[in-house]
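**Student:** What follows is the residue order along each chain.
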Amino acid sequence: MKLTVWTYEGPPHVGAMRVATGMTGLHYVLHAPQGDTYADLLFTMIERRNHRPPVTYTTFQARDLGADTANLFKTAAQDAYDRFKPEAIIVGASCTAELIQDDPGGMAETMGLPVPVIPLELPSYQRKENFGADETFFQIVKALARPMERTKQITANLIGPTALGFRHRDDIQEVTALLSDMGISVNVVAPMTSSPSDIARMGAAHFNVLMYPETAETAARWMERELDQPYTRVVPIGVGATRDFIAEVAKITGVVPYMDESRLRLPWYSKSVDSTYLTGKRVFVFGDGTHVLAAARVARDEMGFEVVGMGCYNREMARPVRAMAKDFGLTATITDDYLEVERTIEALQPEMILGTQMERHIGKRLGIPCAVISAPVHVQDFPARYSPQMGIEGANVLFDTWVHPLVMGLEEHLLHMFRDDFEFHDAAGASHHGGHTKPAPQEVADAGGPAPQTPGSISEEKKNTSFGVIWLDDAERELKKIPFFVRGKARRNTETFATERGVAEISVDTLYEAKAHYAR
Amino acid sequence: MTELPRLPASGGCRDTPILKQRGQREVFCGLTGIIWLHRKMQDAFFLVIGSRTCAHLLQSAAGVMIFAEPRFGTAILEETDLAGLADAQDELDKVVDELLARRPDIKQLFLVGSCPSEVIKLDLSKAAERMTQRHAPSVRVLNFSGSGIETTFTQGEDACLASMVPVLPKTDERQLLLVGALPDVVEEQAIGLLEAMGIGPIKVLPAPRASDDLGVGTGTVYALTQPFLGDTHDALTRRGARHLPAPFPFGDEGTTGWLAAIATEFNVDPALFEKVTAAPRARARKAISQAAETLNGKSVFFFPDSQLEIPLARFLTRECGMDAIEVSAPFIHKGIIGPDLDMLAEGPTISEGQDVDLQLDRARAARPDLTVCGLGLANPLEADGLATKWAIELVFTPVHFYEQAGDLAGLFSRPLRRADLLKLEAP
Numbered sequence: 009m010k011l012t013v014w015t016y017e018g019p020p021h022v023g024a025m026r027v028a029t030g031m032t033g034l035h036y037v038l039h040a041p042q043g044d045t046y047a048d049l050l051f052t053m054i055e056r057r058n059h060r061p062p063v064t065y066t067t068f069q070a071r072d073l074g075a076d077t078a079n080l081f082k083t084a085a086q087d088a089y090d091r092f093k094p095e096a097i098i099v100g101a102s103c104t105a106e107l108i109q110d111d112p113g114g115m116a117e118t119m120g121l122p123v124p125v126i127p128l129e130l131p132s133y134q135r136k137e138n139f140g141a142d143e144t145f146f147q148i149v150k151a152l153a154r155p156m157e158r159t160k161q162i163t164a165n166l167i168g169p170t171a172l173g174f175r176h177r178d179d180i181q182e183v184t185a186l187l188s189d190m191g192i193s194v195n196v197v198a199p200m201t202s203s204p205s206d207i208a209r210m211g212a213a214h215f216n217v218l219m220y221p222e223t224a225e226t227a228a229r230w231m232e233r234e235l236d237q238p239y240t241r242v243v244p245i246g247v248g249a250t251r252d253f254i255a256e257v258a259k260i261t262g263v264v265p266y267m268d269e270s271r272l273r274l275p276w277y278s279k280s281v282d283s284t285y286l287t288g289k290r291v292f293v294f295g296d297g298t299h300v301l302a303a304a305r306v307a308r309d310e311m312g313f314e315v316v317g318m319g320c321y322n323r324e325m326a327r328p329v330r331a332m333a334k335d336f337g338l339t340a341t342i343t344d345d346y347l348e349v350e351r352t353i354e355a356l357q358p359e360m361i362l363g364t365q366m367e368r369h370i371g372k373r374l375g376i377p378c379a380v381i382s383a384p385v386h387v388q389d390f391p392a393r394y395s396p397q398m399g400i401e402g403a404n405v406l407f408d409t410w411v412h413p414l415v416m417g418l419e420e421h422l423l424h425m426f427r428d429d430f431e432f433h434d435a436a437g438a439s440h441h442g443g444h445t446k447p448a449p450q451e452v453a454d455a456g457g458p459a460p461q462t463p464g465s466i467s468e469e470k471k472n473t474s475f476g477v478i479w480l481d482d483a484e485r486e487l488k489k490i491p492f493f494v495r496g497k498a499r500r501n502t503e504t505f506a507t508e509r510g511v512a513e514i515s516v517d518t519l520y521e522a523k524a525h526y527a528r
Numbered sequence: 002m003t004e005l006p007r008l009p010a011s012g013g014c015r016d017t018p019i020l021k022q023r024g025q026r027e028v029f030c031g032l033t034g035i036i037w038l039h040r041k042m043q044d045a046f047f048l049v050i051g052s053r054t055c056a057h058l059l060q061s062a063a064g065v066m067i068f069a070e071p072r073f074g075t076a077i078l079e080e081t082d083l084a085g086l087a088d089a090q091d092e093l094d095k096v097v098d099e100l101l102a103r104r105p106d107i108k109q110l111f112l113v114g115s116c117p118s119e120v121i122k123l124d125l126s127k128a129a130e131r132m133t134q135r136h137a138p139s140v141r142v143l144n145f146s147g148s149g150i151e152t153t154f155t156q157g158e159d160a161c162l163a164s165m166v167p168v169l170p171k172t173d174e175r176q177l178l179l180v181g182a183l184p185d186v187v188e189e190q191a192i193g194l195l196e197a198m199g200i201g202p203i204k205v206l207p208a209p210r211a212s213d214d215l216g217v218g219t220g221t222v223y224a225l226t227q228p229f230l231g232d233t234h235d236a237l238t239r240r241g242a243r244h245l246p247a248p249f250p251f252g253d254e255g256t257t258g259w260l261a262a263i264a265t266e267f268n269v270d271p272a273l274f275e276k277v278t279a280a281p282r283a284r285a286r287k288a289i290s291q292a293a294e295t296l297n298g299k300s301v302f303f304f305p306d307s308q309l310e311i312p313l314a315r316f317l318t319r320e321c322g323m324d325a326i327e328v329s330a331p332f333i334h335k336g337i338i339g340p341d342l343d344m345l346a347e348g349p350t351i352s353e354g355q356d357v358d359l360q361l362d363r364a365r366a367a368r369p370d371l372t373v374c375g376l377g378l379a380n381p382l383e384a385d386g387l388a389t390k391w392a393i394e395l396v397f398t399p400v401h402f403y404e405q406a407g408d409l410a411g412l413f414s415r416p417l418r419r420a421d422l423l424k425l426e427a428p
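Chains A and B supply the protein sequences, listed in that same order. Under my numbering, the first residue of the first sequence is numbered 9, with each subsequent residue one higher. Under my numbering, the first residue of the second sequence is numbered 2, with each subsequent residue one higher.
Bound conformation, chain A alone (with noise of 0.2 Å):
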């Protein structure tokens, strides 16, 4: 039993509805209690879609449990194929029909039901629901795809897009143009905007772009292995990251490489004076797997950032997400808890995160910025206007919506000069970001919303710190004369600078010994 406040993940029957609702012709028969039905939500609210999930479900209640909840199923199952008349059906259970044992593959395949019919064993008591979205796409390829001849031309698959994935729609457009600026054409893309009968016909492509090892992974071996196609191994995300997919797309078919980068502004945005002040900045980059490594590469190797610290949500992406924390001389954060997250940016004090919308609202709690870069979503995850996270477009989107939260470099040093002023003064915050005077840092602890304080609260401040030095009054003074932005980082600077030379109280003094001592 695990206390559990916040997950990043949903249980894996969500990753399931996942790969069903980006797909058309194909239905979700899903044993699973009344309440379960949620899920839909997450489709037509978070991703504003215009249609029901294609899931039925057979929401069995108390009363039913005595009975036949098997029957329910079979008849749930009957109906759907009647009223929705689907290529083919997924079955399958949630965790508290798991619990009962009905066997929906079982039942739904004495059924003699005339499209095929895939069952799921999506163990909901171990697994979440990136492992859900991997194991049904598995599912469906393995029983849908066949070897078959390629296409005349050069062709691939881009898998990995599902329903409710963070800017897949965008990233579909991006690759896809990467591809055929190289002359090479998409076949099918799925799960996204595939069929049944797309599904059909994958082995004729000559090989795929595995677009989220998250969703794919598994899916991209077993083609691999039994219609022998190669499947890339980089994902697009980042200038350095593009250009090395094109690399291997090359090396892949034979292909000249090749970028059109005409329209790719990242590199001499960020060489462009105005980005001097993002040199070093301390960014926290959490995620998943997939998007957290790209965003550290990005953000060390692009941007100019300081990456202090690293981590990723789901499991199964532990061991690379490791080794490039390695590289990077830091120990990854591995965790599915969100309070240790929390613990972990507090302690580090970056100066931007690059995380989830978990992350921003621990961003929010500790005046912190942050930009989003990675499920899970939020509705303001998708967005009206084309923003892809990959590819040329990506790079460029990657640019903005990374410095929008950071308050911009000149703007910077006028809030120094003119801290005093009364309407510019240091808690007005940054202009662009609508213009209220907000409270200093210490005091924003509830501003993702009428949250109480409770006692004990890790945001109180406390005139005795927790390093056990005390702050003289003139000290904190100064201390308010920096601007908020860089205050937090100042004060923990000074206190550790403090400890380590044994120093009990900290004086204006102490206080320039720390900023020179930590000058870079």
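In case anyone wonders, no lab produced these hints; they're calculated from the structure. It cannot be assumed that every hint is accurate.
Dumping the calculated EDC-like pairs for lysine to aspartate or glutamate here, alpha-carbon to alpha-carbon at most 20 Å [to be verified]:
hint: 1; chain 1: A; residue 1: Lys10; chain 2: B; residue 2: Asp124
hint: 2; chain 1: A; residue 1: Lys10; chain 2: B; residue 2: Glu99
hint: 3; chain 1: B; residue 1: Lys41; chain 2: B; residue 2: Asp214
hint: 4; chain 1: B; residue 1: Lys335; chain 2: B; residue 2: Asp16
hint: 5; chain 1: A; residue 1: Lys10; chain 2: B; residue 2: Asp91
hint: 6; chain 1: A; residue 1: Lys82; chain 2: B; residue 2: Glu80
hint: 7; chain 1: A; residue 1: Lys10; chain 2: B; residue 2: Glu79
hint: 8; chain 1: B; residue 1: Lys95; chain 2: A; residue 2: Asp236
hint: 9; chain 1: B; residue 1: Lys95; chain 2: B; residue 2: Glu130
hint: 10; chain 1: B; residue 1: Lys95; chain 2: B; residue 2: Asp106
hint: 11; chain 1: B; residue 1: Lys122; chain 2: A; residue 2: Asp72
hint: 12; chain 1: A; residue 1: Lys82; chain 2: B; residue 2: Asp358
hint: 13; chain 1: B; residue 1: Lys287; chain 2: B; residue 2: Glu275
hint: 14; chain 1: A; residue 1: Lys10; chain 2: B; residue 2: Asp88
hint: 15; chain 1: B; residue 1: Lys122; chain 2: A; residue 2: Asp76
hint: 16; chain 1: A; residue 1: Lys10; chain 2: B; residue 2: Asp98
hint: 17; chain 1: A; residue 1: Lys82; chain 2: A; residue 2: Glu129
hint: 18; chain 1: A; residue 1: Lys93; chain 2: B; residue 2: Asp356
hint: 19; chain 1: A; residue 1: Lys10; chain 2: B; residue 2: Glu80
hint: 20; chain 1: A; residue 1: Lys259; chain 2: A; residue 2: Asp309
hint: 21; chain 1: B; residue 1: Lys299; chain 2: B; residue 2: Asp324
hint: 22; chain 1: A; residue 1: Lys10; chain 2: B; residue 2: Asp356
hint: 23; chain 1: B; residue 1: Lys95; chain 2: A; residue 2: Asp482
hint: 24; chain 1: A; residue 1: Lys93; chain 2: B; residue 2: Asp362
For this one, chain A is given, so just place chain B on it according to the hints.
**Tutor:** Below, chain B without anything else, positioned relative to chain A:
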């Protein structure tokens, strides 16, 4: 003298045959109630004993409201817990010890049952008893079910309040008890009106804090503020308290009828009742009439969701001039909803439970001007050209009593006004 609402001449819906279909029900489970209950009870913590699905539901229903550390959480059952039940009780003790050590501010802990905990027959009442002894007197531990196999959406609040009734101290004092979790501002308005009529003492269930001296006994009369409190109603009756049946306080008529039922019980002078209610009634009527301009003559179709459907249909048809096509609720408890059914004129189909596909067929055939439904259905129906009002907002927004009557009507008129405002199609 205040004019009380009249019953429809053609007869109400109390004896209308109820359409009952069985199939997929597109509804929340009772765990959803935790989202508002934990805001209302400020020293309570809600610990769901369930699966990752339960945690995911709470998070999705809470939407953007991610608090640093909310007063609810999920003890997620793992493979090892499913192997043997004795272990699960020990594990639960560990989780609760850890939780209470970190949150000394918690005075009431609710162990909330879920589908998985009920299927494996994890005895939470035994656990609650044991923990109450262990953590007395600083923490009281109760249990209730929010599972989807036992409860639908707002029934979670009912189960929670019902679990609190047996442990309330006994009192013989003559008192009025208002039952149902309302936003503070609304609750204060209601109490204000009743106190102005000289009624008191007035107590509220749930009380904001465990230490608030709330008792119950034969001197207690109670009024429900929400129509979904069937089990709480039964539990209070068992403690000797007496229910004051009334229409629910939505809109001018509902509020007046509800207040009148209490005023009659407390022998309030009619002139005083008129004096206290006249001004807010007039304000409510004026505010409703603005929204009613948009709603008048329009048709409405209710999917089952919160059990508020029948009182709301009564309000929309009688005070806003709408025509109800179908009014469905997850459950219809005539002992509670009877006065509203009496006032709702015959005509609409009254249905209980649902087969969502068949009900969608009916809605699409009827093409109502406004469909009141859950979040899973709203955008798909909008895409079909049907204006919708998502029902969950009705539970999260202050909509009770006179001062909110205009806001309530506005929730329904806004989607229609919006559809009129937007000029998005090519000419």
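**Student:** Taking the hints in turn, state whether each one holds.
**Tutor:** Hints, verified against the model:
1. Between the alpha carbons of Lys10(A) and Asp124(B) the distance comes to roughly 18 Å, so the proposed pair stays at or under 20 Å and holds.
2. For the suggested pair Lys10(A) and Glu99(B), the alpha carbons sit about 11 Å apart, so the restraint of at most 20 Å is met.
3. Straight-line distance between C-alpha atoms of Lys41(B) and Asp214(B) comes to about 17 Å, which keeps the hinted pair within the 20 Å bound.
4. This hinted pair checks out: Lys335(B) and Asp16(B) have alpha carbons roughly 10 Å apart, not beyond 20 Å.
5. A hinted pair counts as satisfied when its Cα atoms are at most 20 Å apart, and Lys10(A) with Asp91(B) qualifies at roughly 12 Å.
6. Taking the CA atoms of Lys82(A) and Glu80(B), the gap is near 28 Å; set against the 20 Å cutoff, the hint is violated.
7. With a CA separation close to 8 Å, the supplied pair Lys10(A) and Glu79(B) stays within the 20 Å bound.
8. Only pairs whose Cα atoms come within 20 Å are accepted, and Lys95(B) paired with Asp236(A) is rejected, the gap being roughly 51 Å.
9. Simply put, Lys95(B) and Glu130(B) have alpha-carbon atoms about 15 Å apart, close enough for the 20 Å limit, and the pair holds.
10. Simply put, Lys95(B) and Asp106(B) have alpha-carbon atoms about 18 Å apart, close enough for the 20 Å limit, and the pair holds.
11. Between the alpha carbons of Lys122(B) and Asp72(A) the distance comes to roughly 16 Å, so the proposed pair stays at or under 20 Å and holds.
12. For a cut-off of 20 Å, the pair hint linking Lys82(A) to Asp358(B) stands: about 16 Å separates their Cα positions.
13. For the given pair, Lys287(B) sits about 17 Å from Glu275(B) by alpha-carbon distance, which is consistent with the 20 Å threshold.
14. Our distance criterion of 20 Å between C-alpha atoms is met by Lys10(A) and Asp88(B), whose separation comes to about 13 Å.
15. Taken as a hint, the Lys122(B) and Asp76(A) pair is honoured in the structure, with Cα atoms around 18 Å apart against an allowance of 20 Å.
16. Taking the CA atoms of Lys10(A) and Asp98(B), the gap is about 13 Å. The hint holds against a cut of 20 Å.
17. Note on Lys82(A) and Glu129(A): the hinted pairing holds, with a Cα-Cα distance of about 18 Å set against a maximum of 20 Å.
18. With a CA separation close to 18 Å, the supplied pair Lys93(A) and Asp356(B) stays within the 20 Å bound.
19. Using a Cα cut-off of 20 Å, the hinted pair Lys10(A) and Glu80(B) holds, with the two alpha carbons roughly 11 Å apart.
20. Between Lys259(A) and Asp309(A), the direct Cα distance comes to roughly 24 Å. Violation of the 20 Å bound is thereby established for this hinted pair.
21. Between Lys299(B) and Asp324(B) the alpha-carbon distance is near 6 Å, which keeps this suggested pair within the 20 Å criterion.
22. Distance restraint check for Lys10(A) and Asp356(B): the Cα-Cα separation of roughly 36 Å exceeds the 20 Å cut-off, and the hinted pair is therefore not satisfied.
23. Distance check on the hinted pair: Lys95(B) and Asp482(A) sit about 47 Å apart at the alpha-carbon level, beyond 20 Å; violated.
24. Only pairs whose Cα atoms come within 20 Å are accepted, and Lys93(A) paired with Asp362(B) is accepted, the gap being roughly 17 Å.
Going down the numbered hints, you'll see the structure goes against 6, 8, 20, 22, 23, while the others check out.
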